[in-house]
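*Asks:* These protein sequence lines are chains A and B, in that order. Residue 65 in the numbering used here sits at position 65 of the first sequence, with consecutive numbering throughout. Residue 48 in the numbering used here sits at position 48 of the second sequence, with consecutive numbering throughout.
What the hints contain is simulated information worked out from the structure, not anything from laboratory work. One or more hints might be untrue.
Claimed, not checked - Mimicking DSSO-like on lysine-lysine, the simulated pairs with C-alpha atoms at most 30 Å apart in a straight line are:
| no. | chain 1 | residue 1 | chain 2 | residue 2 |
| --- | --- | --- | --- | --- |
| 1 | A | Lys111 | B | Lys47 |
| 2 | A | Lys47 | A | Lys119 |
| 3 | A | Lys42 | A | Lys119 |
| 4 | B | Lys111 | A | Lys111 |
| 5 | B | Lys119 | A | Lys111 |
| 6 | A | Lys119 | B | Lys119 |
| 7 | A | Lys42 | B | Lys111 |
Just so it is clear, the structure is predicted and the values come from calculations on it, not from any experiment.
What follows is the residue order along each chain.
2 protein chains.
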Amino acid sequence: MGGTVERWHELVRARDPAGLDALLADDAVFFSPVVHTPRRGKANTTKYLAAALQALGNADFRYVEQWVGPSSAVLEFATVIDGIEVEGVDIVGWNAEGRIDRFKVMIRPLKAIEIVRQKMAAALTG
Amino acid sequence: MGGTVERWHELVRARDPAGLDALLADDAVFFSPVVHTPRRGKANTTKYLAAALQALGNADFRYVEQWVGPSSAVLEFATVIDGIEVEGVDIVGWNAEGRIDRFKVMIRPLKAIEIVRQKMAAALTG
Chain A
1 MGGTVERWHE LVRARDPAGL DALLADDAVF FSPVVHTPRR GKANTTKYLA
51 AALQALGNAD FRYVEQWVGP SSAVLEFATV IDGIEVEGVD IVGWNAEGRI
101 DRFKVMIRPL KAIEIVRQKM AAALTG
Chain B
1 MGGTVERWHE LVRARDPAGL DALLADDAVF FSPVVHTPRR GKANTTKYLA
51 AALQALGNAD FRYVEQWVGP SSAVLEFATV IDGIEVEGVD IVGWNAEGRI
101 DRFKVMIRPL KAIEIVRQKM AAALTG
């Protein structure tokens with residue numbers, strides 16, 4: 001269901017964390033680029049994705065390429081945070097209703113992970 | 001050209017770095033999960049991919065999912081190194097001849113990047 005990817009892009013363009021409610025499944029799981037343990041459930045996934053939108057979603061943020069399968073997709077992004085070039089992927093899976101039930105983020109290089117970790121921590125506690 | 005992905009999988013299954021010669025383009029570029037600066041050229045890319053095969057390619061290594069486009073693909077993998085769970089993606093692009101000209105690796109979580117960095121350094125100097 002390509003519609004899920006399109007709705008995700010709209011949400012990111014609008015920097016609209018409120019839109020997560022309609023897009024996430026109740027059993028959504030978030031896999032952080034930093035921490036091993038998955039964050040389970042819609043409330044946790046909403047919290048981390050909202051923080052990620054805040055931490056990563058500056059004026060430089062852009063999706064550069066994507067690969068879309070029948071029930072999952074990989075969205076490659078790039079941005080610059082405090083002068084550090086950040087590259088990453090969102091690996092997004094969705095259920096039969098088109099709701100996102102899996103969201104995994106990976107980032108390169110190491111310096112980028114460190115700055116994203118700082119910004120995510122600030123967004124989660126701010 | 002899906003053939004490139006299949007040939008990559010064969011090479012990984014065989015743990016056969018010698019097969020890189022026929023698979024890589026002369027202008028191949030390797031993007032490390034750790035270091036920002038790309039490694040340019042076939043010789044450099046061969047060196048880093050051979051080290052990655054050695055560092056990551058243990059008995060636990062497996063590809064878990066893939067997304068294949070017309071001239072690029074994302075291959076998601078998982079393994080365990082020294083008891084640490086490692087997840088990552090290979091983002092692979094190829095030219096009109098089906099030769100890989102872009103190979104980017106991202107890894108999560110942070111602990112996994114640290115162990116891969118150690119193993120890659122050992123493989124590159126060993």
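*Asks:* Does each hint hold? Answer for all of them.
*Replies:* Structure-based check of each hint:
The straight-line distance between the Cα atoms of Lys111 of chain A and Lys47 of chain B is roughly 23 Å, inside the 30 Å bound, and the hint therefore holds. Between Lys47 of chain A and Lys119 of chain A the CA atoms are separated by roughly 14 Å; this keeps the pair inside 30 Å, and the hint holds. A distance of roughly 22 Å separates the Cα atoms of Lys42 of chain A and Lys119 of chain A; the hinted pair therefore holds under the 30 Å criterion. Restraint check for Lys111 of chain B and Lys111 of chain A: satisfied, since their Cα atoms lie roughly 14 Å apart, inside the 30 Å limit.
At most 30 Å may separate the alpha-carbon atoms for a hinted pair to count; Lys119 of chain B and Lys111 of chain A meet this at roughly 18 Å. Between the alpha carbons of Lys119 of chain A and Lys119 of chain B the distance comes to roughly 28 Å, so the proposed pair stays at or under 30 Å and holds. A distance of roughly 26 Å separates the Cα atoms of Lys42 of chain A and Lys111 of chain B; the hinted pair therefore holds under the 30 Å criterion.
In terms of the numbered hints stated before, the structure departs from none.
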